[in-house]
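Based on the provided sequences and hints, a complete structural model is requested.
The chain contents come next:
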Amino acid sequence: MSLTNYLVLSAILFTIGGTTVLVRRNAIIAFMGVELMLNATNLSLVTFSRMHGNLDGQVMAFFVMVVAAAEVVVGLAIIVSIFKSRRSASLDDVSLLKN
Amino acid sequence: MLSVVQAVPAEVVSAVPATGTASAAWLLVAIPLLSAGILLLLGRRADGWGHWLGVAAPVASFVLIAAIALQMMGLPAGERVMTTQLYPWITTTGLTVEFGTRIDPLSVAFVLMVTFVSSLIHVYSVAYMEHDPDRRRFFAYMNLFVAAMLLLVLADSYALLFVGWEGVGLASYLLIGFWNHNPVYATAAKKAFVMNRVGDAGLLLAMGAMVAQVGSVTFGEVLGADLSPGWATAIGLLLLLGATGKSAQFPLQAWLGDAMAGPTPVSALIHAATMVTAGVYLVVRSGPIFDLSPDAQLAVAVIGAITLVFGAVVGSAKDDMKKVLAASTMSQIGYMMLAAGLGPIGYAFAIFHLITHGFFKAGMFLGAGSVMHGMNDQVDIRRFGALSGYMKVTWLTFMMGWLAILGIPPFSGFWSKDKIIESAFVGEGWQPWVFGTVALLGAGLTAFYMSRLFFAVFHGDKRWTAPPDGPAQHPHESPALMTVPMVILAVGSVALGGLMALGGGFATWLEPVTGHVEHHEPVLPVWFIMASTIVVVLIGAAIAWRMYLARPMPMTAQHASALTRAARNDLYQDQVNEAVFMRPGQALTQGLYVADEYVLDGTVEGSAFGLASIGRVTARLQNGQVRSYAGYVVGGTVVAVLAMLASRM
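Going down the list, the protein sequences come from chains L and Z. Quick note on our numbering: the first sequence kicks off at 1 and runs consecutively. Quick note on our numbering: the second sequence kicks off at 1 and runs consecutively.
Keep in mind the hints are simulated off the structure, nothing from the lab. Fair warning: this is a prediction, and the values are worked out from it, not measured in the lab. Keep in mind that a hint or two might mislead.
Not close to chain L: a few residues of chain Z, all C-beta gaps over 12 angstroms, as computed [unchecked claim]: (1) 230; (2) 379; (3) 551; (4) 627.
Computed beta-carbon distance windows for the label pairs [stated by the list, open to error]: (5) Z:598 / L:95: 42 to 50 angstroms; (6) Z:647 / L:4: 18 to 26 angstroms; (7) Z:621 / L:55: 26 to 34 angstroms.
To give a feel for the contact side, a few chain L residues facing chain Z, derived at Cβ under 7 angstroms [what the hints assert, rightly or not]: (8) 16; (9) 18; (10) 20; (11) 22; (12) 91.
Even for Gly, the Cβ is constructed at its ideal location relative to N, Cα and C.
And the structure:
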C-alpha cells in the first residue's frame, strides 16, 4: 500500500477537523475538531518519517501529543470556567475582546 | 574720502583698572534700579512718599558721578580711561563677557548730563504729575529709565550696552503708553517699541559680526581690532541701523512724533535729552570701527544730513507744540549724526552738541509742559498767543532755549552747532560742499520753525479757546517745583556752551576717547561760515516774524502748498512705511496663513483622515467571533499554500 494513502487520509482528517472548528458553535465540539487536526498532522509526520527513513517526524509527533495533552487541560479548564460564569459553552457568546 | 582725516593717527588711550570713587561706578546704575524696584514692589503703600524717593535716586547718582568727574580731573590724560570688572557674565567656549563698567571722559560727560537733567526733570514731575493717581508708578518707570540709560553709557562691552539699550527701550515704551487707557497712546507706545526692534536687530547682527571676526564684544578688544575694510563697513552699517532706530533717524524716524503721547517730562527726558541721543553715543563710541571704513562714515553723515532736513521741514509745518519740538529733536540729532559721520574731527562736536542740546531742548520741553499745565493741556499753537504776559518765567526760560537752539552768540547752541557747521565744510571733493550747505540751510530752517513756535505761543493775539469750542482759559504761571528746574536749564542753555568751549576745553577733555585731532581748515574761511550762519539764522527768524507775528495767525490750519501739506503729514512717513513694509508684511503673513491652513494642515489632516478610513474599514474584520477568526487563519493558510505551490510551478 502506497504511503500516499496515509497522506490523503491525513488531509481528509485535517479538513474534517478544520470544518468542525469553523462550523460548530459548541466549544467542546470545536475543541474536538482541533484535536482531530492535531492528530491528522501527527499522521502526516509519522508518514513522512517513514518516507525519509529517519525518526525526526516520529519524535515531532510525540512532542505534539505532549503539547496537545497540556493544551487539553488548559483549554477544558477555560471552557469549564466560562460555562460556570455564563451558563453557555457557545463560542459566539464569547466576544468580549471585540473592539 | 576724507583722506585728511584718515592721515591723522588717533591716539586713543588704553584702559586701566579703576581706582577710588570710580570703582563704585556700578552704584550709579544700582541706585535708580533699586529705587524703581522698591516703588514697583511696594505698590500703593508707597504712594505718599514714592515720588520723593524717585527724585532722590537720580540726585544720588548725580552726586556720585560728580565725585568721579572730580577724581578724573585730577588724573593725567593717560589714566582717564578706567574699567572695572564686576563678575564674569557670559562664559562660553570662545567668548567671555565680563559684567564691567567703563569710566572715561565720554561716559562721564554723558552720565553727568543724564543725571543732572533727569534730576531736574524728576523734580519738575513731582508737580507736573501731582494730580495723576499713578504718580508713583510714573516715578518707578522714570527711575528704571535712568538706570537703563546709565547702564547703556557705562557698559564696557556691546553686550552690556545692549542690556541698557533694551532697558531704555522698555522704559520708553512704558512711559509713552503711561496713559494707555487712551488707545491712541497705547498704539504710539507699540509703534515706538516695534520700530526700535528694527534698529536693535542691526545692533545684534553687529555684535554677531564682532564675535565672528574679533571673538569678543568688549570695547577694549573690538575697537582696537584690525578689521578688514569689508567687515568694518558691515559692522559700521549695522551699528548705524541700530543708531537710526534709537535716535529716530531716517528711515526709522516715524515713531518719535507719536512718542509725544507720553507725559511731557517723559518727552523732555527720554525723547529729547537722553535716550534718543544714544545712537550718537553708539556711533562716537564705535569711532575706531567707523575710522576703518570711510563708506560707513559717509553713510552716517548722509543719514544725519537727510534727517536734519527732514525734521526741520516737518517741524516748520506742525501745529502741535510737542510735535514741533519732536521734529526739532530729530533734526538736531541729525546734526549730531552728521558730525559723528565726519570722523574724528566731528566726534567731540557731536557729543558737545548732544550735551548742550540736552539742556536747551529739555528746558523747552519743560516750558511746553508748563504752558500745557496753565492752558488745560492745549497743544495746538494756533490756540495760544500772548502768553508772555501771563507766564513770565516760562516765557523767559523758553526764550533762552529758543536763542540757544537758534545758535545766537553767546548762547550754548552757538558754540556747538557752529562747530558742527564748520566741521561739515572740512574735507575734499563734493562732501564738504554738500554737507556744509545742508548744515547751513538747516540752521536757517531751525531758526524759522523755532521762531514760529516761540512767536505763536508767547506773542501775537490771544487765540485761546473759549466756550463753545473749548474750555475757557485762565493761563497762570506754574508752581516753583516746575519753574526752578526750568530756570536752571535755562541758565545751562545760556552759559554751558561757552564754558565748555572755553579754550577748546571739551574737545581736549574727550581726547582720551576720540583721539587728538589737528585743526583742519574748512574749504571756506571760518569767519565767512560763522557770518553766513548768523545771517541765515536771522533770515529764518525774520521770515517767521513776518509770517506769524506781523500778520495774525489763523486759528485753524489753512489750505497751503503741497510741501506744507506733506510736512503737516510728516512727509508721508507713515504712508510710506505702510505701503512698503506693513501691507507687504500683511500679505506675506496672510499668504503664510493660507499655506499653513490649506497646504500643510491639509496634507497632515488628509493623511490622518485616509489612515482613519482604512482603519474603519478593517476594524469590521475584528468582530469578536472566534470562529470567523479561525476562518481568517484557515483562509490565510490556504492562500499561503497556494502561493507557495504557484511559485513552484
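Each hint tested on the structure:
no. : hint                             : verdict
1   : 230                              : 69 angstroms, holds
2   : 379                              : 74 angstroms, holds
3   : 551                              : 93 angstroms, holds
4   : 627                              : 6 angstroms, violated
5   : Z:598 / L:95: 42 to 50 angstroms : 43 angstroms, holds
6   : Z:647 / L:4: 18 to 26 angstroms  : 23 angstroms, holds
7   : Z:621 / L:55: 26 to 34 angstroms : 42 angstroms, violated
8   : 16                               : 13 angstroms, violated
9   : 18                               : 6 angstroms, holds
10  : 20                               : 10 angstroms, violated
11  : 22                               : 6 angstroms, holds
12  : 91                               : 5 angstroms, holds
Hint compliance for this structure: hints 4, 7, 8, 10 are not met, and every other hint is.
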